[in-house]
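Work out the full structure, taking the sequences as your base and the hints as a guide.
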Amino acid sequence: REIFYWVIVLTTFALGTGVGDTISEYMHFGYLNSLILFGSIFILAGILNYFKIINGVLAFWIAFIVTRPIGASLGDLLIQQSKDGGLDISITIINIVFLVVIIGLVIYLTFKEKEKTERMQTI
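Mapping the sequence shown onto the numbering used here, position 17 (from 1) lands on 17, and the numbers just tick up by one.
Because the hints were derived from the structure by calculation, they are not lab data.
Be a bit skeptical, because a hint or two may be false.
Simulated restraints on C-beta separations [said to hold, decoys possible]:
{"id": "1", "residue 1": "I41", "residue 2": "V101", "range": "37 to 43 Å"}
{"id": "2", "residue 1": "I103", "residue 2": "G71", "range": "18 to 24 Å"}
{"id": "3", "residue 1": "I36", "residue 2": "Q121", "range": "41 to 47 Å"}
{"id": "4", "residue 1": "L15", "residue 2": "V106", "range": "29 to 35 Å"}
{"id": "5", "residue 1": "G18", "residue 2": "L109", "range": "31 to 37 Å"}
{"id": "6", "residue 1": "G104", "residue 2": "G46", "range": "23 to 29 Å"}
{"id": "7", "residue 1": "I103", "residue 2": "G18", "range": "29 to 35 Å"}
{"id": "8", "residue 1": "F111", "residue 2": "E25", "range": "41 to 47 Å"}
{"id": "9", "residue 1": "V9", "residue 2": "I102", "range": "38 to 44 Å"}
It should be emphasised that the depicted structure is a prediction, and the values quoted were computed from it without experimental measurement.
Glycine included, C-beta positions come from ideal geometry on N, C-alpha and C.
The following block contains the structure:
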């Protein structure tokens, strides 16, 4: 069962990478438009699942597959040079910003969980 899982994960990552690169670069769709396209697919899968138009398993796999091209499109948009359709932001700056955001979220969620636990103990 675990081998099946990893085969599926690797296949979907390869599929997501291939489709994302094909649309953004080879079809000249651009990084921002690709990000909007894949983000819309991700959101649409959630909406369709919420209204029970598609089941949760299908929504999960759609979201799982498009996560890779969303990340790649966002990364390319941020770091590629302006002449290539990117924003030309330093990789170091991007990494620092994401690190601060991740640390901030971990701290925030840690305190929220502590508050929740304390509330539950008083009940």
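Each hint tested on the structure:
no., hint, verdict
1, I41 <-> V101: 37 to 43 Å, "violated, 24 Å"
2, I103 <-> G71: 18 to 24 Å, "holds, 19 Å"
3, I36 <-> Q121: 41 to 47 Å, "holds, 45 Å"
4, L15 <-> V106: 29 to 35 Å, "holds, 31 Å"
5, G18 <-> L109: 31 to 37 Å, "holds, 34 Å"
6, G104 <-> G46: 23 to 29 Å, "holds, 24 Å"
7, I103 <-> G18: 29 to 35 Å, "holds, 33 Å"
8, F111 <-> E25: 41 to 47 Å, "holds, 42 Å"
9, V9 <-> I102: 38 to 44 Å, "violated, 22 Å"
The structure is inconsistent with the numbered hints 1, 9, although it conforms to all the rest.
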